[in-house]
Structures are given as C-alpha cells and as structure tokens.
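Read left to right, the sequence shown gives residues 28 to 231 (the numbering used here).
Wrong hints could be hidden among the right ones.
FRET-style restraints, in silico, Cβ to Cβ [unchecked claim]:
(1) 199 <-> 65: 21 to 27 angstroms
(2) 63 <-> 179: 26 to 32 angstroms
(3) 199 <-> 162: 20 to 26 angstroms
(4) 173 <-> 34: 28 to 34 angstroms
(5) 193 <-> 67: 19 to 25 angstroms
(6) 34 <-> 62: 39 to 45 angstroms
(7) 118 <-> 186: 21 to 27 angstroms
(8) 179 <-> 65: 41 to 47 angstroms
(9) 60 <-> 198: 37 to 43 angstroms
(10) 64 <-> 193: 38 to 44 angstroms
(11) 148 <-> 178: 18 to 24 angstroms
(12) 53 <-> 163: 33 to 39 angstroms
(13) 65 <-> 31: 45 to 51 angstroms
Simulated from the structure, these hints should not be mistaken for lab results.
All residues carry an ideal CB built from backbone N, CA and C; glycine is no exception.
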Amino acid sequence: MLSLWVIGITFVNTLLLALICLSGDWLCGLQSVKGHPWSAALVDNGVHAVIGWASWALILLGSTTSVHRVLDLLSSTAYSRIHLWKFYEIGLCGLIASLVDLDHFVEARSWHIERAGFIVFVAMMSHHLRDAWRRGLWLPLIGDAIPIPYSFYILLVCVMPNFIRLYFMWRGFYFEKALSSFGHEDTNSTASLNIMNNSTYQDV
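Using the sequences and the hints given, assemble the complete structure.
And the structure:
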C-alpha cells in the first residue's frame with residue numbers, strides 16, 4: 028500500500044513538472060526570446076534539459092517508502108558524501124534531453140545498467156513529447172507525422188515518469204535501498220584504503 032509520503036511527493040513533483048512545462052513554453056514564446064535565433068535555441072534546449080531532469084528526479088524521489096528512512100540515511104555519518112548519490116543520473120537525463128537534436132552522445136562509464144536504458148528513454152521521450160505539440164510526434168520511418176494537443180503533451184510528460192516510478196517500486200528498487208548500497212560501497216572502499224595505509228606504515 029502506498030504511504031502518504033509517496034502519494035504526497037508524487038503529487039507535488041507531478042504538479043511541479045507540469046508547471047515547468049507550462050512556464051518553459053511560455054518563456055520560449057516570448058517575443059524577446061523568439062526574436063533572436065541563438066537565444067531561442069538556448070532557451071529551448073534549456074527547457075528540454077529541465078524537463079528531463081525533473082522527470083528523472085520524480086522517478087527517484089517517488090521511489091521511496093518513507094521520508095524518515097531517507098533522511099536518516101542522508102544524515103548518517105556513514106553517508107557524509109551521499110549528497111552526490113545518483114545526482115549524475117538526474118543531470119545526465121537532463122543533458123541527454125537537451126542533446127537529442129545532436130548527432131551523438133557521450134557514454135557515461137558509471138551508468139548502472141538496469142537504469143541506463145530508462146534514463147535515455149525518459150530523456151528522449153520528454154524531449155520528443157514537448158516537440159510533438161509544435162511539430163508532430165516523431166516516429167521512425169515516418170517522421171513528424173502525428174501532432175498532439177498541448178494538454179495531451181502536458182499529461183503525457185507528467186504520466187510517463189510516474190509509470191516508470193511504479194515499475195521501479197514493483198521491481199523492488201527504492202531510493203533508500205540504493206542509498207544504503209552506495210553507502211556500503213563507500214564504506215568498504217574506505218576500509219580497504221585504511222588497510223592499505225596501515226600495511227604501508229608497518230612495512231616502513
């Protein structure tokens with residue numbers, strides 16, 4: 028059964044995602060932005076990036092069972108550097124979403140294979156859905172063929188990360204579980220380093 032925390036954070040994040048879409052498109056529609064090709068391109072790519080970033084953040088933050096559990100992990104001394112945990116995934120999703128129009132990607136070596144595909148999927152779909160209400164939904168071998176209503180674009184962008192979040196929770200992936208595993212890895216690496224240092228001092 029979903030806790031009040033999951034329901035609350037999902038509602039807030041979904042609302043914020045919808046507001047990001049609306050405000051981003053309003054910003055792109057300003058005459059001062061549209062009148063300059065470079066500024067229009069930069070703002071448009073920036074909005075793509077923020078939507079991709081917010082979509083993956085919704086998936087991660089919504090995949091939690093208890094806010095207290097997450098806060099306990101984050102405040103623990105064993106997780107002093109945990110504030111960097113997986114933020115590269117959020118940033119990477121935003122980066123890919125902003126670079127979908129380019130011809131290449133830079134592969135990140137530190138991707139976790141079970142989520143790498145979803146990161147690319149969320150990034151690319153958030154990008155294409157936002158473009159679909161203006162130029163039509165792009166499909167392989169067909170091209171820009173299916174224009175969608177603006178309200179439907181907002182709905183799809185908000186629904187997509189929630190479905191993936193529920194899939195993650197169904198598969199047993201939770202934000203705090205990943206935090207815990209990361210902390211153990213960090214602790215083990217620190218312990219190994221201490222053992223190496225101690226052996227070095229003894230040899231001397």
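Are residue 199 and residue 162 spaced within 20 to 26 angstroms by their CB atoms? At roughly 39 angstroms between Cβ atoms, residue 162 and residue 199 fall outside 20 to 26 angstroms, so the hint is violated.
For the pair residue 173 and residue 34, does the Cβ-Cβ distance stay inside 28 to 34 angstroms? holds (33 angstroms)
Holds or violated: 18 to 24 angstroms for the Cβ distance of residue 148 and residue 178? Between residue 148 and residue 178, where Cβ atoms are some 23 angstroms apart, the hint holds.
Can you tell me whether the CB distance of residue 63 to residue 179 sits inside 26 to 32 angstroms? Holds - the Cβ-Cβ distance for residue 63 and residue 179, about 30 angstroms, lies within 26 to 32 angstroms.
Is 39 to 45 angstroms respected by the C-beta to C-beta distance linking residue 34 and residue 62? holds (44 angstroms)
Could one say that the CB atoms of residue 60 and residue 198 fall in the range 37 to 43 angstroms? This hint holds: roughly 41 angstroms between Cβ atoms.
Given a hinted range of 21 to 27 angstroms, is it respected by the beta-carbon distance of residue 199 and residue 65? violated (46 angstroms)
Residue 64 paired with residue 193, Cβ distance criterion 38 to 44 angstroms: holds (41 angstroms)
Just to be sure I understand the hint, the distance between the Cβ atoms of residue 179 and residue 65 should be within 41 to 47 angstroms; is that true here? violated (31 angstroms)
Just to be sure I understand the hint, the distance between the Cβ atoms of residue 53 and residue 163 should be within 33 to 39 angstroms; is that true here? Between residue 53 and residue 163, where Cβ atoms are some 21 angstroms apart, the hint is violated.
With 19 to 25 angstroms as the target window, see if residue 193 and residue 67 comply at their CB atoms. With Cβ atoms ~36 angstroms apart, the hint is violated.
Can you let me know if the beta-carbon spacing of residue 65 and residue 31 is within 45 to 51 angstroms? holds (46 angstroms)
The structure does not agree with the numbered hints 1, 3, 5, 8 and 12 stated previously, though it agrees with the rest.
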